[in-house]
Each structure stands twice: as structure tokens, then as C-alpha cells.
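All chains, please: the whole structure from these sequences, using the hints.
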Amino acid sequence: MNIIITKNLRKIYRMGENNVYALNGVDFTVKEGEFVAIAGASGSGKSTLLNLLGAMDSPTEGEIFVRRIPLAQLSQNEQTIFRRRNIGFIFQDFKLLPVLNVYDNMVLPLKLDGRKIDQEFAEMLLKSLGLQDKREQTPYTLSGGEQQRVAIARALITRPAVVLADEPTGNLDSRTGMEVIGLMKLLAQKFYQTLVVVTHDEEVAQMADRIVRIEDGKICQEGECI
Amino acid sequence: MSTRNNNQLVIKELAQAYYKDNKRQNKVLIIAIAMSVFLLYSAFSIAYGKVRSDYLIDIRGMGTVATVSLENGSKAQYEQMKSLPYIIDTGIKKTVGSATFQEHWEGKLIYLDNSAYEKMEMPAYTDIIGSYPLKADEIMLSASSLQQMNIDHPEVGMEIELRTILSEGAEETAIFTLSGYYTDYIDFSVMEPEAYVSKAFLDQHEIPVFPADKIMAVTGSLQDERGIETKLYSDLTMEYDAQQVFAENPMVKQSVEGVFGSVSIAVGCGIVVILCAFMLIFNVVSITMGKEIRQYGMLKVLGTTEQQLKRIVYYQNIWNILKGIVIGTIAGILIVRLFLPAVLEKLFMQGLGESDVTGFYPVFAVGAGVLMFVTSFFATSLALRQVIKWNAIDSIRYIETGNRTKKKQNLTTRFLIMEMAWRNITRSKKRLLISVGSLLIGCITALGAEVIMTGTDITNQIEQNPDFRVGILTGIFRFPEMVPDQINDDTPVLSAEMLDTIYKMEGVNQTTIKTAKGSYAVIDFLTDRALQPRRQSLDAPDKALAFATLQIVDESYVTELERYVADSDLAVDMERFASGEGCILLHHNELSQELELQTEKTLGEPITFYSLDAYGDQEDNAVNYEKGSLACAGYMDMTEKYFPELQTTSFGNNINYFIMTKKAFEKLGFPEKTFDISFDIKEGEDDAVVNQKLAQLIQKENQKIGVMDTFYLEANYTLLESEQNRIDTANIILGGLSLVILVIGIMNYGNMLSAMLSVRRKEIAVMQSLGLTKSQLWRMIFYEGIGYWVILILATLLAGSTVLWFLGKAIKSKLLYFKFIYPWQSVFILSVAMLIICCIFSCTTYLKNKNITDDLRRKDD
Amino acid sequence: MMKRSIVGINAVIVVCFTIILVYQENWILLFLLALLLAGFYFLWADRQKEYLRELGEISVCLDNLLQKKEISYYSVQNDTLTSKIFSQIQRVQKMYGGITALVESERDGIKKLLAEIAHQLRTPLSNMETYLTLLEDNRIGDKERETYIKAVEKSENKLHFLIEKFIVAARLENQIIQIHKCDSNLKETVAQAVFQVRKKAEEKNINIIVQGEDADKRVLHDRNWLCEAICNLLDNSIKYSPVSTDIVVTLISNEMFSEICIEDSGTGIEKGEENKIFQLYYRGKNISNEEGYGMGLFITREIVQKHDGFMKVKRKESGLIMSIILPKAGT
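Heads up: the sequence lines are chains A, B and C, in that order. Numbering follows the UniProt record's numbering, in which position 132 of the first sequence is assigned residue number 132; successive positions increment by one, without gaps. Numbering follows the UniProt record's numbering, in which position 542 of the second sequence is assigned residue number 542; successive positions increment by one, without gaps. Numbering follows the UniProt record's numbering, in which position 213 of the third sequence is assigned residue number 213; successive positions increment by one, without gaps.
One or more hints might be untrue.
[Unchecked claim] In silico PhoX-like pairs for lysine-lysine, Cα to Cα no more than 25 Å straight-line:
1. C:200 - C:187
2. B:231 - B:135
3. A:31 - C:306
4. A:190 - C:69
[To be verified] Not everything, but these chain C residues come out facing chain A in the computed CB check (under 8 Å):
5. 78
6. 84
7. 94
8. 257
9. 327
None of these hints come from the bench; they were simulated from the model. Keep in mind it's a predicted model, so treat the numbers as computed, not measured. All residues carry an ideal CB built from backbone N, CA and C; glycine is no exception.
Take a look at the structure:
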């Protein structure tokens with residue numbers, strides 16, 4: 001089943017007198033359980049696409065269906081709850097809450113939905129990402145790489161149906177990056193999750209089931225840009 | 001209603017985390033709320049206290065709570081009154097006789113029944129020690145009576161020997177035991193002192209209770225006297241024709257200013273405080289949210305609904321609000337409890353003893369708390385509303401509205417720095433409004449307080465008054481039946497002996513003695529045309545003969561009058577008046593417009609004055625008693641604004657008052673009577689001592705004449721003292737209020753500045769890297785401070801002056817003696833103070849920001 | 001217990017109130033009290049109905065799950081408990097549905113494999129037939145005899161190989177032999193695999209170097225099956241490497257995984273083939289003349305997946321790096 005379908009997606013920004021087409025007619029589908037890598041140069045619109053898929057922004061034109069729900073029909077609040085229950089988002093610049101420590105940051109999405117924290121799973125994530133000694137620390141005291149790993153743990157702890165990751169390995173060295181992607185892949189297989197990862201790292205892209213390229217707001221597959 | 005999701009715990013946790021992160025904002029909020037609650041509670045308490053004080057002043061001054069009384073009431077009437085539905089309590093006052101103590105004290109022996117004592121007299125007394133007499137030999141006296149008897153340390157059970165003369169005439173000397181004593185506040189120079197005896201005493205001397213000299217009653221509503229009197233007349237069967245019903249307690253204070261005066265003051269204060277608090281809370285919450293808005297966006301992305309975010313913010317603030325309210329309430333209760341009675345005594349009681357307020361009003365405390373809670377809630381939700389609706393992505397990307405102009409070309413242009421400073425100030429109109437606004441409210445409140453204080457300060461006026469004044473209360477008009485048998489042309493008002501005693505009294509500064517002299521006369525309304533307008537203005541215009549008061553005015557007054565007449569272009573013949581041929585009739589705004597026109601025709605017409613003997617003559621042969629006539633020089637309204645002040649003897653309507661020169665008076669040939677006398681005391685003399693002597697003198701005189709015209713004594717120093725007290729206390733309170741509001745305003749301003757700081761750090765870092773030197777940074781910040789100051793001062797002058805002007809008008813309509821003095825001095829001082837404060841804040845801002853780029857480089861954002 | 005006592009106390013209070021009001025003949029208040037109670041009762045009853053309804057809906061949803069009916073998506077996303085439960089049930093369905101689908105597709109794959117193998121068996125069998133017939137002819141010379149015998153040997157080997165695979169596939173399909181994971185040392189498994197292919201390696205003078213033995217390599221795995229998987233990889237490396245080269249086997253281990261990295265300097269693969277090589281019967285473009293059926297990597301991947309791991313391919317200038325990544329215990 002296609003878990004994500006976009007039809008003719010456009011996102012247009014006005015910069016003074018000009019229109020900037022961040023996305024210019026994107027038709028994009030992802031199968032359930034698939035691991036898709038989205039590659040492209042910066043400014044090509046990859047992050048915009050991800051934001052739209054995560055119901056964080058609304059498209060100027062076009063439709064998005066996630067799990068066959070048209071996102072446009074959801075109210076703001078419904079979108080928020082939809083996100084909470086179905087999407088795990090990893091940002092390029094982590095966005096941790098400075099008032100909480102590592103552990104609390106990680107389990108926050110679970111608490112927001114009143115779900116029980118699987119302690120074993122949480123421990124496993126912390127250990128796998130090398131954070132078990134840092135669970136009491138606040139984001140201020142962590143390095144960029146450590147913060148990114150916390151963000152990754154946070155996205156994975158709810159075992160969401162869809163994981164959207166924007167350059168999740170940006171701040172990690174290649175070894176750690178590979179391990180992280182490996183972990184994500186493992187979990188995705190086990191819990192039947194769909195991964196959509198935006199990356200410019202070829203090695204990361206290679207680990208995906210399918211690589212999709214974006215250039216100037218359009219999807220290119222197998223050399224053709226539609 | 002579906003089941004709520006079980007995700008409530010996280011809200012609390014997040015709120016607590018954020019709460020801990022915002023220590024400074026929390027403190028500011030708590031202090032502001034506490035202060036506001038405290039102020040509100042104090043304002044309400046003081047207003048309530050004032051209402052209570054007014055009531056107490058009324059009853060203590062009159063010596064009773066009773067509103068109405070029936071003279072010589074019989075038992076049947078007593079029962080009747082008790083059963084009337086609008087009568088709450090009925091009591092009996094019986095005059096048994098009189099008593100003397102050596103030469104020092106003379107008073108009436110009174111019996112009060114239980115109801116009269118407990119319900120009507122006792123509430124008007126304070127410091128009651130002991131109890132009402134039970135045994136035949138027991139007696140109860142007031143502390144002032146005891147003082148007069150030179151008993152300085154009275155004790156219950158002590159023996160006092162009194163000579164008693166009962167109403168039947170029996171004289172005896174008896175030893176009484178003091179069963180109790182109390183402090184009262186009646187003017188004992190006007191009312192005779194009373195000594196209370198027991199029922200047993202009555203029985204012993206076989207004196208029946210009825211007819212009672214007074215059956216007193218307390219009525220249900222605050223009806224005016226006329227209304228009550230009329231009702232009683234119709235509801236009771238009068239025993240004899242002349243039986244009278246009197247209104248005992250006109251509740252002057254209450255009806256004049258009423259409950260509403262105090263309530264409106266409290267409400268006014270309350271509104272100002274709430275406004276201030278609202279602005280501060282709104283600002284603080286907005287600032288906190290501004291800092292956290294990116295995080296809210298993140299929370300939204302993670303799946304926090306608007307509802308949850310709102311609850312996080314509310315939860316955060318609830319703590320502060322509650323803490324603030326609790327602290328404010330406790331502080332308020334403590335301080336009000338401690339100081340309210342003293343404050344009320346000084347401000348309102350006018351020397352009539354202490355106020356009996358408890359100083360603890362849980363209702364007000366709860367009310368103040370609830371009000372502040374609602375205000376805080378409102379302010380929070382308003383601040384929330386601005387932010388919460390944002391899209392998740394927009395929130396994340398939110399940066400404090402940066403400078404819209406991008407290019408900072410040449411950082412060396414001199415005016416550029418000023419421009420930048422100006423742009424920074426006006427960057428957020430809303431923020432500017434709020435911070436300047438709250439400071440503005442503080443300044444205006446301070447200035448308003450100053451205006452009120454200086455305007456109502458009549459100490460100067462009072463000081464100009466003479467130290468003492470002795471005069472008569474009413475005039476001949478109250479005792480027509482005594483004319484001409486007991487009162488005739490020769491009867492003096494102030495007796496020669498009295499005047500002599502005063503003249504010779506130790507301490508009196510003889511050079512300052514002023515007297516009002518004149519005479520009484522009879523006039524005939526029927527014969528003199530000039531008197532027609534007057535006649536028609538009277539309430540009962542069918543009389544022919546009436547009394548007139550004639551007063552002599554001196555040369556200087558004549559000159560003043562001439563100037564006044566000329567300025568106001570009145571129809572008054574000043575020439576005739578000044579030459580001694582004419583007299584002027586004074587009235588208190590008693591003529592209608594039409595009648596006033598008629599007065600112009602009276603100029604020159606003769607007015608004839610008759611001797612007082614004419615009044616008693618049944619045959620209407622008034623002509624035989626004519627003393628002389630003067631030409632009518634016109635009618636004048638004494639209540640007009642610029643009418644030169646004249647010390648008259650009797651006040652009020654329906655009194656025929658004539659002024660004339662000495663020459664004119666001598667023409668008529670009446671013997672001169674002295675109506676009143678005023679004087680100062682010598683330097684270094686003690687007012688109280690002289691007061692005591694004068695009071696005794698007055699008392700004796702009052703007793704001599706019996707029921708006729710009572711003398712009064714006006715001691716300026718008591719007036720001055722109470723007025724000074726009032727001013728001082730009011731100063732403290734208003735000053736305190738303004739100070740607190742100013743402090744709130746300053747806190748708001750300071751908080752806003754330092755919050756803006758953290759947001760602008762990045763900006764300043766960028767500018768520094770573009771080439772902004774430290775001295776330029778300092779100048780920019782300094783100019784910003786100055787800019788705020790300029791805006792504040794301009795706003796104060798403009799808005800403040802307008803508010804002050806309106807304030808002045810409003811007060812003037814209530815208090816005629818109010819003088820509006822523009823508080824230039826205060827404006828100046830305030831400006832300087834504000835300038836200093838702005839500079840201090842600028843300095844702190846600069847010092848914190850000097851080394852931003854280094855700091856930022858170290859910190860990982 | 002607490003609840004009952006509270007109900008009791010409330011009832012007593014209400015009764016007292018009623019008695020007092022009746023005694024005072026305060027009918028208005030009594031009437032209002034009655035209204036109030038009625039109101040409360042109504043609200044309570046309504047609440048109960050609401051709860052019942054919601055629970056009923058959840059029960060229906062679960063029924064659908066049991067009956068494997070597709071659960072229609074409830075597009076209403078509320079912050080309510082019911083909504084959350086629906087969401088979770090949906091997820092459950094998807095997860096198990098997905099896993100079932102996966103299992104089914106795996107099974108299909110295996111079935112196909114079996115069909116293929118059966119098909120493939122025919123060729124060597126018929127070859128053997130042919131050559132044996134030829135051998136029966138007495139007229140052939142010694143040299144020819146040797147050639148024919150060699151050919152029969154070759155076919156026999158092929159048969160052997162195919163049947164081995166057949167057995168493996170059959171076992172996999174019937175799940176007769178589960179993967180029994182044991183916490184044992186990966187080093188030894190690797191050593192076993194290396195030992196198994198040493199002969200072929202020696203023939204081409206290829207050196208197999210095993211590195212990374214220092215750290216503890218205890219991993220939960222089935223020794224036999226994993227050995228099989230590693231063997232396949234080593235086989236490929238040996239097959240496609242030139243003589244006298246090295247094959248480096250590196251054992252890496254960290255918090256999350258253990259990795260067995262096999263690096264060779266062989267012909268490698270073309271760009272873009274990384275995913276394709278695991279497909280059944282796919283033979284890379286660089287195989288030149290080597291024999292193979294394109295099944296080894298498929299089976300290897302199956303085995304690795306059964307270990308909850310995955311495989312990675314990285315191309316080199318000349319050669320290939322194949323990795324098996326296995327999760328550490330607890331993942």
C-alpha cells in the first residue's frame with residue numbers, strides 16, 4: 001500500500017516581486033515499509049518536501065495523502081495530533097528543548113500522547129546511540145553530534161509509522177552516521193516503519209531501497225526530471 | 001464529551017521545567033501581583049473604614065444613634081411607637097433633676113432605660129468602663145465630666161458626693177458610687193453634661209417613668225428628618241397640641257458625601273491599580289512567550305496541541321499568581337490590621353475618637369484576590385492569543401522582528417546612531433506603548449496625588465482664621481415667644497461681663513480682638529414696598545411683622561463691597577450705602593430671577609425699623625415703636641462666588657439680614673449688641689489652656705440664660721490639628737499609592753529592557769562584527785534611554801495635564817474650597833528622577849552587552 | 001470501599017437536607033433540590049452512555065482486526081483516549097499485516113526458488129545422461145574418456161550443489177529448521193567459514209586475512225546458518241578475485257552492531273548494481289566466465305535478514321566490500 005502520495009505539489013514563496021518555487025509540481029509516492037532516500041543539492045526543495053509531508057506546513061497547490069488521509073482536510077489541531085501519532089521527525093538542526101534533560105527530551109513525544117514508556121526500548125536506544133551516560137544532561141552541555149543523536153532517539157522512541165529525517169547524519173562522522181542509519185533501518189524492518197531520509201551523503205543513500213533526486217523543485221528518477 | 005486522553009501529566013512537567021527556567025520573570029510577576037493585591041485590599045478597607053467613620057462621626061457628634069424622638073411621651077405613646085413597623089428600637093430618657101459637684105460641675109440627672117442606653121447612647125461612646133447603674137446610689141458619668149470635677153484617675157466604685165435637686169424641688173446631698181464612666185464626644189459647651197442614675201433611684205424617690213422627657217427611636221431607613229417627623233405625627237396620637245417630634249440625628253456626613261463618595265474613590269484606585277498590574281503582567285507574559293516561541297513551535301511539531309500549549313502557559317503562571325495573591329493578602333491583612341485604625345483616626349475621625357473597625361475584612365481580601373486573579377488570567381490569555389495560533393513552521397522560524405532596513409551603510413555617520421536608537425525604540429509599537437504606558441500611569445498617579453494634596457490643603461486658610469471665636473448659634477428667630485418680655489432692645493447677646501472676662505483673660509491678645517456688632521429689630525412687611533421681594537421669597541409670606549438682624553460693617557469692608565459691586569455691575573446703590581443713608585439686605589440665594597428683577601425697583605425706597613417691643617403689641621400699633629428708617633440700597637446674594645467674605649452671626653434662609661455703616665446704625669438709635677467676638681492669643685501661650693478656660697466660661701453662660709441662644713466656642717487650633725493630621729495621613733497614603741504604582745511601572749520598564757536585551761544579542765553581535773565600536777554601542781543605548789525619557793515626559797505633560805485638569809474639575813464640583821495648583825515642582829522632580837532611572841538602565845544594558853560577540857562565540861546557540 | 005462510603009455519606013446528606021426542607025415547608029428549595037438531583041443524574045447517565053458507546057466502538061474495531069478486515073481510517077484525530085486507541089489499533093493492523101505480507105512474499109520467493117532449482121536440475125541430469133551414454137561406447141579413446149568423465153564429474157558437482165541448495169531452501173521454506181540464535185563468538189563462526197573455503201582459496205593462491213579479533217565478538221546468531229552466509233560471500237570473493245590477491249575479513253563491533261566486512265580486489269560490480277545483486281538469479285555484469293546461478297547472495301541475505309540484520313555493498317576502484325551487519329543483543 002502506498003503510505004505517502006503527493007499529487008502535483010507546489011510550494012511558492014513570494015520574495016518581493018518574484019515567486020520562488022520551492023516545489024514545482026511534485027508527484028511522489030512511498031510504499032509502506034519502504035526506505036526512500038531523497039537526494040539533491042541545497043535549495044532544491046528537499047527540506048520543504050519533508051515539512052509538507054510532516055503536516056508542518058501547507059502547500060500552495062496540490063494534495064498530500066498520508067495513509068490515505070488528505071492532510072489539507074485536517075485542522076491545525078488535528079494535524080498536530082496526526083503528527084504526534086504517526087510521524088517521527090528528525091530536524092537538520094535538532095531543536096531540542098533546552099529546559100529538559102536528554103532523557104526527558106527523548107521521551108517527550110510519548111508523554112504528549114500519554115503512552116507508556118517502554119523502558120527497555122528506551123535504554124536500548126540510549127545505548128545504541130551512545131547516550132546512556134548523558135541522560136541527565138541538558139542540551140547546552142552537549143556537542144552538536146550528541147544533540148543530533150538525542151533528536152534521533154526522540155524521533156524513534158514512539159516507533160512511528162513514518163520517520164522523516166532531514167540530514168540526520170549531518171553532524172556525525174561517517175562511521176557513526178552509518179551506524180545510526182543502520183539502527184533506523186533495523187527498527188524500520190522490525191516495526192514495519194517507512195523511512196524517508198533526506199541526505200546528500202551517497203553512502204547513506206545507498207542503504208535505501210530507493211533513491212529519489214530533487215532538482216529545482218522537481219523529482220528526478222532515473223535521470224529524468226518530471 | 002469523549003474521554004480525555006490520559007496525557008495530562010506531561011503538561012505539568014513541562015510547565016514546571018519552564019517555570020524553573022524563568023526565575024526572574026517569576027519574581028517580577030509575584031511582586032507585582034502581591035503589591036496589587038495589597039493595594040486593592042487597602043483601598044477597599046480604607047473606603048469601608050471611611051463609611052464607618054462617617055457614621056461614627058454622626059452619632060458621636062450628636063451623642064446618640066436615635067434618629068427621632070418624641071417629647072414628653074406617655075406610656076401609651078411609647079407602646080404605640082414600639083409597634084410601628086419602621087421603628088426598630090424605642091427607648092426612654094427621663095430627666096430626673098439636676099446635680100452639682102462643688103463649683104466645678106453642674107449637670108442633669110438622667111435615667112435611661114435599657115434600650116435607650118444600650119441601643120442608642122452607648123454606641124456613641126467609647127472606652128466604656130463599668131456598667132450602667134443598678135443600685136439607687138450608683139451613678140455613671142462621662143470622663144469629661146469627671147475631668148471637670150478634677151477627678152483625673154477615676155475608678156469604678158469610688159465615691160462622689162453630689163448635691164442633687166430633683167424635679168419636684170427636693171434638694172439633698174448624697175454620696176454616689178461610680179458604677180462606670182465613658183468617653184463621649186459631644187460638645188459639652190453646647191449640650192449640658194449628663195449623669196445617669198438607676199431605676200432604683202427613680203423608685204426610691206417615687207418618680208414615675210412616664211411621661212418621659214424623650215422617647216427616642218431608631219428608624220429603619222435613612223429617611224430624612226422631615227419624612228420621619230411627618231410620619232410620626234400622623235401615626236401617633238399627640239397628647240397635647242404643642243407636642244413635638246424632633247429629628248435627632250440628621251446624619252449630616254453620610255448624606256452629604258454619602259457612601260458613594262468613598263466607593264468612587266476606592267473604585268478609582270482599584271481601576272488604576274488593576275490597569276497597571278494588567279499591563280505589567282501582559283508584558284511579562286509576552287516577553288516570556290517571545291523567548292519561548294521557537295520552542296512552542298517545536299512542541300507543536302512534536303505533537304502538542306494548542307490546548308496543551310495554552311495549559312502549559314497557564315499552569316506556569318498559576319503558581320506565580322497564587323503565590324503573589326497569597327503574599328499580597330497576608331501583607332495586606334497584617335498591615336491594614338496594624339495601621340487602619342490609626343489611619344482612619346487621623347484621616348477621617350476629626351478628633352472624635354477612634355474608629356471601631358476591626359481592620360480585618362476577609363470579604364475584601366477574597367475580593368482583591370479574585371480581582372487580581374481574573375486580571376492576571378485575562379492578561380495571560382491576551383498575551384497567549386497573540387502567539388498560539390501560529391503555524392508550527394512559522395513559530396520555529398520566528399526571530400524577533402528584526403530591523404527591516406538591511407543596509408547599515410556607514411556606521412560613522414553621527415546621526416545614524418541616533419536613527420538606529422530611534423528605530424529600536426519604535427520597533428515594536430506595542431511594546432513601546434506598554435512600557436511607557438505603565439511608567440506614565442505611575443507618573444500621572446503621582447502628579448494627581450500631588451494635585452489632590454495641594455488642592456485640598458486648607459491649613460493656610462485655617463491658619464489665617466483667628467485662634468478663637470465665640471458666638472451664638474441661632475439668633476432671635478428661634479425664640480419669638482420671649483420677645484419682648486425677656487428679650488428687648490437692651491438685652492445684650494454677648495453680655496458685658498462675658499466680654500469683660502474674655503478681654504481680661506490671661507493669654508488673650510487684646511489687639512487682635514474683633515467683634516461683630518449690631519442689633520435686632522422688627523420690620524413690617526406690609527408697609528414697606530422695598531421689602532416686597534423679600535416677603536415673597538419667604539416660605540410663609542403672610543406675616544406682617546418679622547425680625548431683622550442689623551449688622552455694622554466697617555470702612556474697609558465698604559470699600560471691598562464697592563469694588564465688588566462695580567466689577568459685577570450689580571443693581572446696588574453704593575453711594576447711599578456708603579454715605580450712611582442706606583442699608584443692604586443680604587440673602588442666601590433665596591430670590592428667583594423674577595424677584596431679582598423686582599429688587600431693582602426697590603432702590604431708594606424706605607425701610608422702617610421698629611423696636612423689639614413692637615413685636616409683643618397685640619394691637620398692631622407698630623408705628624408707635626418706630627426707631628427710624630433707611631433707604632434700601634439693594635439686595636445682595638451672599639452665596640455669589642466673589643461676594644466679599646463677611647462674618648455674619650446667623651446663617652441660613654428666612655433670616656432678614658441687613659448690613660449698614662456705623663453712621664446708618666447710629667441714625668436708628670438701637671443700642672449696640674455684640675454678636676460675636678474673635679481673637680488671637682499671645683505668642684507662647686498654650687491654646688489648650690485658654691480653650692479650657694473659655695469652655696468653662698461658655699458653659700456657665702449657657703446655663704445662665706437657660707434655653708435661650710446657646711453660645712459656641714470655635715478653637716482654631718483643634719481644627720488646624722485635625723486638618724494637619726488629615727493632610728499628613730492622606731499624604732502618606734496617596735504618596736504610598738503613587739510610589740507603589742511608580743515602582744510597578746519601573747519594574748515593567750526594566751524587565752522589558754532586559755528581556756529585549758537577550759533577544760537583541762544576536763543583532764548587536766552582527767553589528768559589532770560589521771564595525772560597531774563599543775563607544776558607538778554605548779551611544780546607541782544611551783540615546784535609546786533618552787528617547788524613552790523624552791517620550792515619557794512628553795506623554796506625561798500632554799496626557800498628564802489633561803487628566804489633571806479633568807481631575808481638578810471633578811474634585812472642584814464636590815469640594816468648593818478646592819484649589820487647582822499645577823504641580824510644576826513635582827513634574828520637575830519626577831522628570832529628573834525618571835531621567836536618572838533611564839540612565840541607570842542604559843548603563844546596565846551597555847555593561848551587559850559590551851562583549852557580546854565573544855560570549856556568543858563561546859556559546860553554542 | 002471508599003467509593004461505597006462516599007456514596008453512603010452523600011445519600012445521608014441528601015436525605016437530611018430533604019428532611020430539613022420538608023420540616024421547614026420550604027417547597028421551593030425542595031423543588032430546586034429535586035431538579036438539581038435530576039440534573040446530576042441525567043448528566044451521569046449521559047456520561048455512562050457515552051463511555052459505553054466509545055468502548056463499543058473500540059470493541060468493533062478490535063473485532064475487525066481479528067477478522068482481518070481493513071479498519072477504515074478514522075480521520076478524526078482528537079486528543080482523546082478513544083482516538084488514540086483507534087490509532088494504535090490501526091498501527092497494530094498495519095504492522096502485522098505488513099509482517100504477514102513480508103512473510104508471504106518471502107515464502108513466495110522461496111517457492112520460486114524451489115521451482116527454479118527443480119528446473120535447473122534437469123540440465124545437469126540430462127548432461128550426465130548424455131555423457132554416460134557416450135562413455136558406454138567402447139570405441140572412445142582414453143583422452144576422450146577422461147574428458148567425458150570430467151564432464152560427468154562436473155555435472156555431478158552441479159547436481160550436488162543444486163541439491164544442497166534445494167535442501168537449504170526446502171528447510172527454509174518449511175521452517176523445519178528455525179534459526180536458533182545462540183550467544184556465541186562470531187570469531188569462531190568466521191573462522192569456520194574461512195576453513196570451509198580454504199581449499200578453493202588455496203587453489204587460486206588467495207590469502208584470506210582475518211582482522212579485528214581483539215574485541216569480544218559475542219553475538220546472538222545461529223552458527224551454522226551464518227557460516228553458510230559467510231561462505232557464500234567468501235565464495236563469491238574467491239570466484240571473482242584474480243589469483244594471488246588478498247581477501248580481508250574484518251570483524252567490527254560497537255554498541256549497536258557487529259559487522260563482518262569482506263573486502264576483495266576482484267572484478268567488483270557496476271555502479272547502480274548494488275541493490276540488484278541480491279535479486280534471485282541476477283548475475284553481475286562483471287562475471288566474465290565464472291559459473292554461478294545468482295542464488296548465493298539471495299540466500300545470504302535471507303539468512304542475514306532472519307538474524308534481524310542487513311547487508312551492505314560498497315564498490316571499490318577494483319573490488320568490492322560486502323558487509324553483514326548484525327544487531328547486538330537486545331535490539
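Hint check results:
Restraint check for residue 200 of chain C and residue 187 of chain C: satisfied, since their Cα atoms lie roughly 21 Å apart, inside the 25 Å limit. Between residue 231 of chain B and residue 135 of chain B the alpha-carbon distance is near 38 Å, which puts this suggested pair outside the 25 Å criterion. At roughly 22 Å between alpha-carbon atoms, residue 31 of chain A and residue 306 of chain C fall within 25 Å of each other, so this suggested pair holds. For the given pair, residue 190 of chain A sits about 23 Å from residue 69 of chain C by alpha-carbon distance, which is consistent with the 25 Å threshold.
Evaluation of the residue 78 of chain C hint against chain A yields a held restraint, the C-beta minimum of about 7 Å falling below 8 Å. This hint holds: residue 84 of chain C has a C-beta 6 Å from the nearest C-beta of chain A, less than the 8 Å allowed. Checking residue 94 of chain C against chain A: minimum C-beta separation of about 6 Å stays under 8 Å; hint holds. With a cut of 8 Å, the hint placing residue 257 of chain C at the interface with chain A holds, because the nearest CB-to-CB distance is about 6 Å.
Here the hint on residue 327 of chain C is kept, as its CB sits about 6 Å from the closest CB of chain A, short of 8 Å.
In terms of the numbered hints stated before, the structure departs from hint 2 and from no other.
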